[in-house]
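If you're matching them up, the sequences are chains A and B in order. The numbers in the UniProt record's numbering rise by one with no breaks, and the one at position 173 of the first sequence is 173. The numbers in the UniProt record's numbering rise by one with no breaks, and the one at position 170 of the second sequence is 170.
Warning: the hint list may mix true and false statements.
[What the hints assert, rightly or not] If you want the footprint, here are the derived chain A segments under chain B, 3+ residues with CB under 8 Å:
id	stretch
1	58-69
2	84-96
[What the hints assert, rightly or not] Derived SDA-like pairs (lysine to any residue); straight-line CA-CA distance at most 25 Å:
id	chain 1	residue 1	chain 2	residue 2
3	A	K126	B	A126
4	B	K257	A	A66
5	B	K257	B	G56
[Unchecked claim] Every beta carbon over 10 Å from chain A, so not counted as near; a handful from chain B, in silico:
id	residue
6	T12
7	F22
8	E89
9	L185
10	C191
11	V193
12	T226
13	G246
14	L251
15	D260
It should be emphasised that the hints constitute simulated quantities derived from the structure, not laboratory data. Everything numeric in this text was worked out from a predicted model, so none of it was measured. For each residue, glycine too, the CB sits at the ideal point set by N, CA and C.
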Amino acid sequence: MIRAHALTKTYGTRTVVQDLTFTVRPGTVTGFLGPNGAGKSTTLRMLLGLDAPTRGHATVDGRPYASHPAPLTRVGALLEARAVHPGRTARGHLRSLALTHGLPRRRVAEVLEVTGLTGVADRRVKGFSLGMGQRLGIASALLGDPAALVLDEPVNGLDPEGVLWIRTLLRSLAAEGRTVLVSSHLMSEMALTADRLIVIGRGRLLADTTVDDLVRRSGGRTVRVVTPRSADLRRAVLSAHPHAEVTADGPDALEVRGVDAADIGRAAAGEAVPLYELTPRDPSLEQAFMDLTRDTVEYQGAAA
Amino acid sequence: MSTGTTSPYAVTPLRVLRAEWFKLHSLRSSRVTAATAVFAVVAVALVMGGTYTSGGGDADIDPVVLVLQGTLLSQICLAVLGILVTAGEYATGAVRATLTAVPARLPVLWAKAAVFAATAFTLSFATALAAYPAAQLLLADTDMAGSLGDDGVVAAIAGNSAGVTLVALVALGLGALLRSVPGALGAFIGCVVILPEILGALPYEVVETVLRYFPTQAAGALGSSTPLPGAASPGGALLALLLWAGGTLALAGVLLKRRDV
């Protein structure tokens, strides 16, 4: 269990993280979402004791990370960018970390195997691709067989296969009962991986919720209908389903909320309105996320 | 998954020491730098031995100082190595991994300093112990002829190695303080190597006395088998060097504990 209590970090007059309180529970993947510059990395560094909070504190299993006798067995971390000496081999990097805790060589070999790095284990990290570097970061995080994982943007720079691999890995780690906190600035990625979401913007907590709840809040499913007689269709749908919400979605297109595609099709057939398209649409989590964070995005492109 | 109840795994000072020893010798750049230091001392010793002529301008020089002129070069190599040991981790980002594994932080600095000092001293001492008799084979018929058995020679060689090691430790401390390889190199060359030369040109006697206890000057005093004129006593020089290295490391330790990584 990872807890942040009123975490605050200021650099001079700039407040990067403000009064952030949240709990990350075991057995689930918790997404830590926010636009770039929202304070995600700073928060994660404070959880790991790399940065000292200006106010507030963070705990891992009830104590500060740094006060655990074997911190790598409590939290495994993948931090932003690369944290490896390029002149060292992958195995050498992991071994140097393992030695501090008295972890056996066998464990180094295991995490190399899990992350698919066995074949390149004795090559110097200098020549690694971004994806291989990320895998080595994950291997370091898994080294202590930790009860919790903190991963900062783990899918950054990965190819689709690597993204799928991380997604599956995170889900299986959570299924084993571990605490998994993973940051991202991509809602779409988190929608596929996370159960819970902690959303921050400009260092403040915007939402501490579940993916399901966010789906509900963003308005549920809609159906897009394309027809040359949109006015007739609107009348037909509304007379059969008075609670429906029908909005224009282009010249010949409507967006219908509160009625499913089958009922719309039936209503259209009753009035003999031809349909060119009938498409159920999932609510856009991306949109929900952008609605949440709109006011907090650090650099925004001007509307066209 | 570890429950943390009776885990055999924990960070201990000895384990941090082992990790830092592994990190030092598993890097090719460390090995190359160390080998260069050894080569410089041996090569210069042989050149000095082969080219010396009795009664020349160098006649009043101490034989150990003459043969071990190469330590001026190995000093630079070992200072660079010391800087790489600390500041190098910041340059590569590896320090984040290091301090996540050992969040108490200070054990890392002490382990780095201990492993580095032991390596630098052993290497310097062994090299000089081999280089001195080797050069003496070439000096046999000159007024510099001597052997390891002569009065004060082994002590001077040990002093030379201790001096080189402690000055390099100051560099390691500067690397930890400044967290930048070029920054620490600049500070080392500027403050430790060049500044005393400039101060030495000042016409004040008090400056001259104080300068004897500056790192490179004190290291010079330690490496002579005969008393050097105008230098600190070996005991005073060793004490001064210990204070320089200890002071730099202590300051680096305070900042390491305080600063964000």
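To see whether the hints hold, each was checked on the structure:
1. Proximity of the stretch 58-69 of chain A to chain B, defined as three or more residues with a beta carbon under 8 Å from a beta carbon of that chain, is established by the 5 residues found.
2. Residues of the stretch 84-96 of chain A with a Cβ under 8 Å from some Cβ of chain B number 10, which satisfies the need for three, so the listed coverage holds.
3. Distance restraint check for A/K126 and B/A126: the Cα-Cα separation of roughly 33 Å exceeds the 25 Å cut-off, and the hinted pair is therefore not satisfied.
4. At most 25 Å may separate the alpha-carbon atoms for a hinted pair to count; B/K257 and A/A66 meet this at roughly 12 Å.
5. Of the pairs offered as hints, the one joining B/K257 and B/G56 is violated, with about 54 Å between alpha carbons and a cut-off of 25 Å exceeded.
6. Listed as outside the interface, B/T12 is inconsistent with that label: its C-beta sits roughly 7 Å from the nearest C-beta of chain A, within the 10 Å cut-off.
7. Against the 10 Å criterion, B/F22 falls within the reach of chain A, whose nearest CB is about 6 Å from its own CB.
8. Annotated as non-interface, B/E89 brings its C-beta within 10 Å of a C-beta of chain A; the closest such distance is 7 Å.
9. The claim that B/L185 lies off the interface holds: its Cβ sits roughly 18 Å from the closest Cβ of chain A, which is beyond the 10 Å cut-off.
10. Every C-beta of chain A lies more than 10 Å from that of B/C191, the closest at about 27 Å, which supports listing it as non-interface.
11. A cut-off of 10 Å between C-beta atoms confirms that B/V193 is not in contact with chain A; the least separation is 26 Å.
12. Look at B/T226: its CB is around 43 Å from the nearest CB on chain A, clear of 10 Å, so calling it non-interface holds up.
13. Every C-beta of chain A lies more than 10 Å from that of B/G246, the closest at about 25 Å, which supports listing it as non-interface.
14. For B/L251, the non-interface assignment is confirmed: its Cβ lies about 19 Å from the closest Cβ of chain A, beyond the 10 Å cut-off.
15. With a least CB separation of 4 Å from chain A, B/D260 falls inside the 10 Å interface cut-off, contrary to its annotation.
Hint violations for this structure: numbers 3, 5, 6, 7, 8 and 15, all remaining hints satisfied.
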